[in-house]
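> Residue strings, one per chain:
2 protein chains.
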Amino acid sequence: MSPRSIAGKRRDTGRPAGTSPRSPWKPLQQRAREREVKRDAVILAAARVFRQRGLHNTTLDDIASFLNVTKPTIYYYLTSKEQIIFECFRAGVGRITAVLAELAEAPLRGRDKLTRLVEGYVEVMATEFGWCMVRVEDHDLSPAMARRVRALKSEIDQGLRRLLRAGIDDGSIQSCDVKMTAFALAGALSWIGQWYRAGEQLAPREIADRFMELFANGLKPRAA
Amino acid sequence: MSPRSIAGKRRDTGRPAGTSPRSPWKPLQQRAREREVKRDAVILAAARVFRQRGLHNTTLDDIASFLNVTKPTIYYYLTSKEQIIFECFRAGVGRITAVLAELAEAPLRGRDKLTRLVEGYVEVMATEFGWCMVRVEDHDLSPAMARRVRALKSEIDQGLRRLLRAGIDDGSIQSCDVKMTAFALAGALSWIGQWYRAGEQLAPREIADRFMELFANGLKPRAA
Numbered sequence: 004m005s006p007r008s009i010a011g012k013r014r015d016t017g018r019p020a021g022t023s024p025r026s027p028w029k030p031l032q033q034r035a036r037e038r039e040v041k042r043d044a045v046i047l048a049a050a051r052v053f054r055q056r057g058l059h060n061t062t063l064d065d066i067a068s069f070l071n072v073t074k075p076t077i078y079y080y081l082t083s084k085e086q087i088i089f090e091c092f093r094a095g096v097g098r099i100t101a102v103l104a105e106l107a108e109a110p111l112r113g114r115d116k117l118t119r120l121v122e123g124y125v126e127v128m129a130t131e132f133g134w135c136m137v138r139v140e141d142h143d144l145s146p147a148m149a150r151r152v153r154a155l156k157s158e159i160d161q162g163l164r165r166l167l168r169a170g171i172d173d174g175s176i177q178s179c180d181v182k183m184t185a186f187a188l189a190g191a192l193s194w195i196g197q198w199y200r201a202g203e204q205l206a207p208r209e210i211a212d213r214f215m216e217l218f219a220n221g222l223k224p225r226a227a
Numbered sequence: 004m005s006p007r008s009i010a011g012k013r014r015d016t017g018r019p020a021g022t023s024p025r026s027p028w029k030p031l032q033q034r035a036r037e038r039e040v041k042r043d044a045v046i047l048a049a050a051r052v053f054r055q056r057g058l059h060n061t062t063l064d065d066i067a068s069f070l071n072v073t074k075p076t077i078y079y080y081l082t083s084k085e086q087i088i089f090e091c092f093r094a095g096v097g098r099i100t101a102v103l104a105e106l107a108e109a110p111l112r113g114r115d116k117l118t119r120l121v122e123g124y125v126e127v128m129a130t131e132f133g134w135c136m137v138r139v140e141d142h143d144l145s146p147a148m149a150r151r152v153r154a155l156k157s158e159i160d161q162g163l164r165r166l167l168r169a170g171i172d173d174g175s176i177q178s179c180d181v182k183m184t185a186f187a188l189a190g191a192l193s194w195i196g197q198w199y200r201a202g203e204q205l206a207p208r209e210i211a212d213r214f215m216e217l218f219a220n221g222l223k224p225r226a227a
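Protein chains in written order, with my numbering: chain Y, 4 to 227; chain S, 4 to 227.
Check each hint, because a few of them may be wrong.
Which copy is meant is left open, so a pair is good if it fits within one copy or across any two.
[Stated by the list, open to error] Here are the simulated EDC-like cross-link-like pairs (lysine to aspartate or glutamate), alpha carbons at most 16 Å apart as the crow flies:
#	residue 1	residue 2
1	Lys182	Glu158
2	Lys182	Glu209
3	Lys182	Asp160
4	Lys182	Glu216
5	Lys182	Glu203
6	Lys182	Asp212
Bear in mind the hints are in silico, worked out from the structure with no lab data behind them.
These figures come from a predicted structure and were not determined experimentally.
Full structure from sequences and hints, please.
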């Protein structure tokens, strides 16, 4: 047994490793970090169970039992099933908007930014969150939550359109109906969440390459 | 009041127009036809209510009250909510497979067939059934019904792939990953059911044109 795991054992004697001898509780910052890690674990587990059983058939008990904890433990991190659904949605969307934010500053032409976005988008849709992102539906959410979901969807849509317009402006993407093209791209990409099964398909990067073969040749530079 | 509506009024007196005086019931064939019309009306109404309230929140009472009838009337035409959901799905898919069947015999190159398919596909996704087609989910169906849904989805997928392969063979579509291209096209097209609102958007034919601008330039003839 390693010294580390022996040190871990000391918890049972009343004083966790690394804490002040004056207090059996961990420092505030560490607790906040650990709470964050556990909250994320709940969200990830939920995304997996949702995918397996469907959004409607999944109970908080299912998510709790997947994690070998009780339902009150889940409630310690998230207030309701609706909030969990929303967080699964946000986890995926957040990664796509992060890519968009990164690309906004990148010294690249619109067409190359689109390639990067497609790569990032496919990668997200192939995660546990991809399926939830496709299945979250306004009708299943409170009006306030539905508004937040719509706002996040709109953020992606607007980012995608900005990117297409930038490409049209710098000549790397040919003139097109930006709104309809953004809808077509987002549809093709989002739908991956519906059909993707890890291990059974191409890797996300290969899917992105195939998709870009289709999209990019349709988005020719003006000069071509 | 037209003679027709006057004739209709005779129903109230106990003998419907056009029936044999020996029987107050309509001929068998006419009854079967009327039953079919009413069954279709239930399915169409259901698609509308599902779209408004969501698949899960909709009850058979909602559908009945939309049609100003009672729930037993609905049960006279369809056996369960699950069957109604399935019929909404099938109504949309059926129109797409009809287009595919028509195209199989048409003396057209693969690329032109694809254009026709995209036009037909967009048109279906813009109907009341488009939204249901996107939202129907295996988890919400019995295993037997889920199998039927998967079989219909696969029929469209296989048809789309056959069409792409035909285009590659006749040189009107450039060589591509047929499976991934079919997935990308089906995703872009299916997603229309998610965002389309009649009246607020372009007409289906205009959407199809915009989508084909993107797809077709990406699916260049070998010679180009």
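> Each hint needs a verdict: does it hold in this structure or not?
Here is how each hint holds up against the structure:
no.	hint	verdict
1	Lys182 - Glu158	within (13 Å within a copy, 30 Å between copies)
2	Lys182 - Glu209	between (26 Å within a copy, 13 Å between copies)
3	Lys182 - Asp160	within (9 Å within a copy, 26 Å between copies)
4	Lys182 - Glu216	between (21 Å within a copy, 13 Å between copies)
5	Lys182 - Glu203	between (33 Å within a copy, 13 Å between copies)
6	Lys182 - Asp212	between (23 Å within a copy, 13 Å between copies)
Hint check: no violations occur; every hint is consistent with the structure.
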